[in-house]
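K.L.:
Take a look at the letters that make up each chain.
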Amino acid sequence: MIQSTRSAWRPERAEHRFGWSLGALVFILMVTLPWYADAYTITTYTRSIYFGFLALSVALLLGQGGMISLTQTIFFGMTGYVIGLLGAERGIAFPWPELAGLLLVVVVAFLFALVLMRTYGLVFLMLSLALGQIGWSFARQNTSLLHGWAGMRGIKPPELFGLDLSVSSHFYWLSLAVFCGALWVLWRIVESRFGLVIRGIRENPRRMSALGYHVFWQRVAIFVVAALFAAVGGILAAWSSGIVTPSTLHLNRMIWVLLVVILGGARYFWGPVLGTVIAVWLDVVISQLTPRYNTVIGIIFVLVILMAPNGLLGLWDSLQARRRRNRPPGSAL
Amino acid sequence: MKYQKVGAALASFALAGLLSAPGLALAADDGDTVTIGLLSAFTGPFASFGQLQKEGAVLALEEYGNQVAGKKIEVIYADDQLDNELAVAKAKQLVEQDKVDIITGLVSGDEGLSVGDYMKGKNIPIVPMYAASEDMTMREGDPYIIRPTWTGAQPMDVFGYWLAQDKGYKKIYMIGEDYSYPYNQAGGFKRGFLRGGGEEVTTVWHPVPTSDYSSLIASIPLDQGYDAVLYNGAGSDAVAFVKQFVEFGMQDQIPLLGQSNTFEKPDLDSMPAEIVGSYSAHLTTDDLDTPNWNTFHDAFEKRWGHGPTAASEFAYGSMKMILRAIEALDGDVSDKAALAKAMLAVDLSDEPRGPVSLDDHNAAVQNVYIREVAQNDQGELYNKGLFTAKGVSQFGPYDPALYMSQPADSRSEPAGKRADMPAAMLTVEQDYELVPFGQ
Numbered sequence: 077m078i079q080s081t082r083s084a085w086r087p088e089r090a091e092h093r094f095g096w097s098l099g100a101l102v103f104i105l106m107v108t109l110p111w112y113a114d115a116y117t118i119t120t121y122t123r124s125i126y127f128g129f130l131a132l133s134v135a136l137l138l139g140q141g142g143m144i145s146l147t148q149t150i151f152f153g154m155t156g157y158v159i160g161l162l163g164a165e166r167g168i169a170f171p172w173p174e175l176a177g178l179l180l181v182v183v184v185a186f187l188f189a190l191v192l193m194r195t196y197g198l199v200f201l202m203l204s205l206a207l208g209q210i211g212w213s214f215a216r217q218n219t220s221l222l223h224g225w226a227g228m229r230g231i232k233p234p235e236l237f238g239l240d241l242s243v244s245s246h247f248y249w250l251s252l253a254v255f256c257g258a259l260w261v262l263w264r265i266v267e268s269r270f271g272l273v274i275r276g277i278r279e280n281p282r283r284m285s286a287l288g289y290h291v292f293w294q295r296v297a298i299f300v301v302a303a304l305f306a307a308v309g310g311i312l313a314a315w316s317s318g319i320v321t322p323s324t325l326h327l328n329r330m331i332w333v334l335l336v337v338i339l340g341g342a343r344y345f346w347g348p349v350l351g352t353v354i355a356v357w358l359d360v361v362i363s364q365l366t367p368r369y370n371t372v373i374g375i376i377f378v379l380v381i382l383m384a385p386n387g388l389l390g391l392w393d394s395l396q397a398r399r400r401r402n403r404p405p406g407s408a409l
Numbered sequence: 029m030k031y032q033k034v035g036a037a038l039a040s041f042a043l044a045g046l047l048s049a050p051g052l053a054l055a056a057d058d059g060d061t062v063t064i065g066l067l068s069a070f071t072g073p074f075a076s077f078g079q080l081q082k083e084g085a086v087l088a089l090e091e092y093g094n095q096v097a098g099k100k101i102e103v104i105y106a107d108d109q110l111d112n113e114l115a116v117a118k119a120k121q122l123v124e125q126d127k128v129d130i131i132t133g134l135v136s137g138d139e140g141l142s143v144g145d146y147m148k149g150k151n152i153p154i155v156p157m158y159a160a161s162e163d164m165t166m167r168e169g170d171p172y173i174i175r176p177t178w179t180g181a182q183p184m185d186v187f188g189y190w191l192a193q194d195k196g197y198k199k200i201y202m203i204g205e206d207y208s209y210p211y212n213q214a215g216g217f218k219r220g221f222l223r224g225g226g227e228e229v230t231t232v233w234h235p236v237p238t239s240d241y242s243s244l245i246a247s248i249p250l251d252q253g254y255d256a257v258l259y260n261g262a263g264s265d266a267v268a269f270v271k272q273f274v275e276f277g278m279q280d281q282i283p284l285l286g287q288s289n290t291f292e293k294p295d296l297d298s299m300p301a302e303i304v305g306s307y308s309a310h311l312t313t314d315d316l317d318t319p320n321w322n323t324f325h326d327a328f329e330k331r332w333g334h335g336p337t338a339a340s341e342f343a344y345g346s347m348k349m350i351l352r353a354i355e356a357l358d359g360d361v362s363d364k365a366a367l368a369k370a371m372l373a374v375d376l377s378d379e380p381r382g383p384v385s386l387d388d389h390n391a392a393v394q395n396v397y398i399r400e401v402a403q404n405d406q407g408e409l410y411n412k413g414l415f416t417a418k419g420v421s422q423f424g425p426y427d428p429a430l431y432m433s434q435p436a437d438s439r440s441e442p443a444g445k446r447a448d449m450p451a452a453m454l455t456v457e458q459d460y461e462l463v464p465f466g467q
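Those sequence lines, one after another, are chains A and B.
The first sequence maps to residues 77 to 409 in our numbering.
The second sequence maps to residues 29 to 467 in our numbering.
Fair warning: there could be bad hints in the mix.
What the hints assert, rightly or not - With a Cα cut of at most 25 Å, we get these calculated DSS-like pairs of lysine-lysine:
#1 LYS100(B) to LYS150(B)
#2 LYS293(B) to LYS418(B)
#3 LYS232(A) to LYS100(B)
#4 LYS232(A) to LYS127(B)
#5 LYS99(B) to LYS150(B)
#6 LYS412(B) to LYS445(B)
#7 LYS445(B) to LYS195(B)
#8 LYS232(A) to LYS148(B)
#9 LYS445(B) to LYS199(B)
Everything labelled a hint here was simulated from the structure, so no lab data went into it.
Source: prediction; values computed, not measured.
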């Protein structure tokens with residue numbers, strides 16, 4: 077399933093028009109959502125958006141860099157903890173706690189990367205698991221600063237541009253705008269020379285090294301960028317739920333995100349977004365139907381991943397390919 | 029091209045439908061239904077408490093046939109897995125999607141405080157069934173939070189006072205779980221113990237959950253004159269601690285005490301018989317023998333096949349208070365302020381565990397029972413009542429203003445030594461009167 081180093085996220089030309097019209101339609105529907113949907117639908121999409129950042133972070137490393145990193149929830153929760161510590165507890169006003177959070181994430185991600193990027197494959201996975209567990213255990217056991225298991229509460233969103241963000245539709249629009257901006261940045265990264273180099277390293281690090289690229293620092297850079305995506309999502313998550321706890325950093329959440337990304341399709345640009353929206357809605361709908369919802373959702377994940385190892389978008393692609401093959405020769409495309 | 033047009037049309041319909049689908053609102057609010065959200069931990073480390081809570085609530089609902097004053101009572105059970113972030117997400121779902129009239133349930137104190145934060149200004153009554161963080165009805169009190177159950181410090185203040193006064197204990201070594209509910213239990217215990225004449229309470233905290241206690245137990249200083257070890261933890265942690273305590277042969281060298289939940293059933297069934305004689309204090313005890321308790325106990329056992337615990341009794345009583353308030357309003361719950369007032373006005377003197385009334389801060393004033401672990405003829409362990417303190421408030425014997433001027437309980441507050449405790453907290457006008465159990 078390894079393709080050329082050309083971005084696999086770029087759609088086929090023939091599907092371009094269809095893709096654009098679908099995208100425009102979804103965009104209009106999402107922007108106008110607060111006018112036709114009920115309050116809880118808005119809350120659920122807000123939740124999808126902040127977890128979507130986490131999924132983008134994982135997908136950037138997995139889809140582009142071929143790295144499964146289990147540390148991304150640490151960066152997601154870290155900004156929330158900093159906002160709680162500086163903003164909620166010490167009353168420092170926006171944007172300083174948020175900026176301090178992002179800065180801390182950059183520093184910690186850089187330090188993590190110095191350790192992680194010396195390794196590949198299984199060793200990388202195990203090392204990232206260890207770092208993730210250290211972060212989670214620290215948050216859980218540090219009672220003097222981080223309040224251990226109880227976590228930080230009392231976090232409130234600031235007032236931005238005269239917009240009261242405690243109104244859920246305002247908060248939704250802000251999240252959507254930031255998310256669209258992040259998607260644009262991600263697109264630029266993927267399409268850039270840097271993105272190409274990262275995909276090159278994914279396929280063959282030695283060869284990229286022979287070509288004169290400093291593989292280690294390129295990988296460090298992509299790791300820090302990915303951490304920043306998670307960190308921005310973490311800010312929105314903390315503002316929205318008003319609370320950060322060690323469970324935000326927990327391995328369960330990390331594996332959930334990994335599954336979500338694979339569910340949507342890790343190599344596809346829209347894969348993590350689609351995966352997150354579906355998974356968040358699955359949680360909401362199925363937990364209302366049965367108390368054994370975790371089992372049901374787990375079975376759904378297993379089935380989807382068995383039948384569509386490249387995610388739902390991969391499934392869509394292969395169906396398209398089959399249809400094209402079955403079409404009689406000479407018919408117009 | 030044709031395929032794509034059809035595909036696009038289908039996709040847009042599907043998308044519009046999917047995006048606008050109001051998350052499957054199961055409860056239709058047609059004015060003939062009162063909707064109650066029961067938010068609790070049905071999975072995760074406290075799943076047994078959540079389940080017992082649900083059983084108690086269901087029993088109360090069934091007594092009323094799920095109907096009050098012609099209105100159907102619909103209960104939506106939401107599972108938060110004892111995760112505070114998820115608890116807030118689920119509370120949002122209950123409020124925004126299910127449009128609940130009342131929120132109840134809540135197992136842990138942190139869960140309660142987090143949900144309370146989110147619910148501020150929503151004007152929907154919250155009835156915490158087991159969440160015991162005292163600030164919900166104290167420093168962060170709210171007219172919409174009504175708690176007919178307990179705070180962590182409430183039984184422990186009596187317990188500490190009794191140990192110092194009646195048993196003459198001077199020094200206690202406490203090992204506890206490192207989060208807010210045990211802090212509140214420790215706070216109550218220290219105040220009562222030091223006021224009653226105790227000298228010192230040393231506290232050691234461990235993370236939740238812990239399965240290996242060998243180093244903690246080995247480091248108990250047996251030669252420093254401690255009168256007892258108090259294990260300030262519950263659930264699977266308590267079972268593991270008590271088993272290892274006995275395996276080390278410690279019970280022959282120093283008495284073991286528990287916090288309110290340590291020796292609660294069903295965990296007590298998994299503990300060794302060597303702990304018979306261990307003391308604790310709670311708002312129920314297994315050998316209560318009053319007509320109200322017996323009626324409740326028999327009904328509960330008949331419905332669920334096992335006896336009730338404090339968690340199920342609290343849930344039963346809370347749900348009954350809610351139903352009676354709805355009844356008093358003749359089923360009209362549209363005015364939430366009136367609903368909260370109606371709850372405060374409910375007569376709770378027939379609560380199974382003993383008479384309950386609500387104070388000015390919407391918290392329960394009630395009996396506290398001192399109990400010891402005993403063994404019945406079948407060899408089963410149970411909690412046997414020894415003494416009763418009547419009419420105990422969440423402030424203990426203190427003046428509410430004085431109590432609330434003290435820092436909130438934490439891992440280091442209040443002080444563990446008599447000399448470091450503020451003098452105002454060591455003397456009160458009228459302390460508890462403990463009467464032998466059953467009088």
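K.L.:
Each hint should be assessed against the structure and marked as holding or not.
P.N.:
Each hint tested on the structure:
1. Of the pairs offered as hints, the one joining LYS100(B) and LYS150(B) holds, with about 23 Å between alpha carbons and a cut-off of 25 Å not exceeded.
2. A threshold of 25 Å between alpha carbons decides the hint, and for LYS293(B) with LYS418(B) the separation of about 24 Å falls inside it, so the pair holds.
3. A hinted pair counts as satisfied when its Cα atoms are at most 25 Å apart, and LYS232(A) with LYS100(B) does not qualify at roughly 37 Å.
4. Simply put, LYS232(A) and LYS127(B) have alpha-carbon atoms about 23 Å apart, close enough for the 25 Å limit, and the pair holds.
5. The straight-line distance between the Cα atoms of LYS99(B) and LYS150(B) is roughly 23 Å, inside the 25 Å bound, and the hint therefore holds.
6. Of the supplied pair hints, the one linking LYS412(B) and LYS445(B) is violated, its CA atoms being roughly 31 Å apart against a limit of 25 Å.
7. Proximity of LYS445(B) to LYS195(B) is assessed by CA-CA distance (about 19 Å); at most 25 Å being required, the pair is judged to hold.
8. Proximity of LYS232(A) to LYS148(B) is assessed by CA-CA distance (about 13 Å); at most 25 Å being required, the pair is judged to hold.
9. With a CA separation close to 9 Å, the supplied pair LYS445(B) and LYS199(B) stays within the 25 Å bound.
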